[in-house]
Amino acid sequence: MAVRALARVPGTWGELVQGALDGVDFLITCPVDLWVDALASAGRAGADLRGAGRTHAGWRAPPGREKVAAVLASLPGRGRVRIWSPLRPGAGMGSSTADMAAALAAAAAAGGRPLDPLDVFRRCLAVEPTDGLMLPGIALVDHRRGRRVEPLGPAPPLVILGVDPGGAVPTRDFNRREDLDAANRRKEPLVREAHDLAVRAVAAGDPAALAAAATLSARAHQAILPNPLWERATALAREIRALGLNVAHSGVVLGFLLDPRHADAPAARAFLERRLGLPVRFLRLVPGGVRVASLGREFVGSIRASERRRPDAPSCPHLGPARR
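The C-terminal position of the sequence shown is numbered 324 in UniProt numbering, with every residue numbered one higher than the one before it.
In short, the hints are calculated from the structure, not lab data.
Quick caveat: nothing in here was measured; it's all calculated off a predicted structure.
Ideal Cβ placement from N, Cα and C applies to all residues, glycine included.
All the pointers check out, no bait thrown in.
Quick list of the computed label-pair ranges, beta carbon to beta carbon:
| hint | residue 1 | residue 2 | range |
| --- | --- | --- | --- |
| 1 | P154 | D116 | 14 to 20 angstroms |
| 2 | A270 | G112 | 47 to 53 angstroms |
| 3 | A235 | P76 | 50 to 56 angstroms |
| 4 | R274 | Q222 | 22 to 28 angstroms |
Start from the sequences, fold in the hints, and give me the full structure.
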């Protein structure tokens with residue numbers, strides 16, 4: 001039995017497509033290279049959440065602690081879990097899902113009963129509406145009731161120049177809106193077009209078509225949750241010749257989508273920072289999934305030493321990105 005285990009999952013930058021078709025909610029994941037790590041030690045009571053890293057320092061708010069505690073309650077045994085995350089809650093970065101998925105995968109592995117990604121998704125969904133970031137590649141999921149769970153394929157090459165205008169949208173509150181189902185029905189024709197285009201684009205590895213699908217979905221969603229940067233972003237996207245835009249459908253972040261094989265992403269990033277007056281992140285679309293490693297004492301000691309040396313940085317260097 002593994003006594004300690006480390007799990008890593010990607011965060012997200014909004015979604016590629018989100019809406020409802022024929023009354024079934026869905027989203028298409030947008031996993032990016034912002035990594036959440038969880039370290040689990042079996043046999044110790046309690047769940048200890050800590051947010052570290054350049055973009056989120058300090059302790060997590062109580063709602064985050066409650067969600068992780070709730071999902072860990074689905075496992076047998078007992079233990080202690082720590083989390084390192086660069087994700088800002090309420091922004092549309094998949095913070096709650098990533099916290100729960102990483103903690104759950106690490107704790108299950110530490111207890112000697114590792115979970116497959118679909119089981120991780122189902123357990124997270126029992127707590128709140130859930131992104132599919134723990135599933136391999138790019139995935140389509142019903143994030144509210146789990147009626148659709150479909151792997152679409154590997155992540156096409158796509159750079160996301162991400163902008164966070166600030167503010168927050170609580171996931172639970174958004175999904176409890178009384179007008180949400182009716183609003184989704186009104187935008188369904190555009191969402192269907194975006195859905196079909198995105199499914200074909202991922203299968204073909206076509207970043208331009210995927211960006212077009214994301215833009216359709218983002219535009220349709222402005223009637224439900226307007227992004228404060230949308231109008232300016234559409235004009236700026238043309239100036240930098242971006243392939244398109246994506247947004248968080250229950251958050252605030254927005255992304256300019258570029259093909260890294262043809263675009264000058266560093267120049268575009270500098271241009272956007274000047275024009276928007278906001279920091280712009282250089283992100284890559286990555287395959288979703290969970291990577292888990294069992295740890296010996298020497299690795300745990302190395303993690304603790306890295307915490308002492310760099311308290312402002314994520315402290316789990318032993319896992320690379322989740323595999324395709």
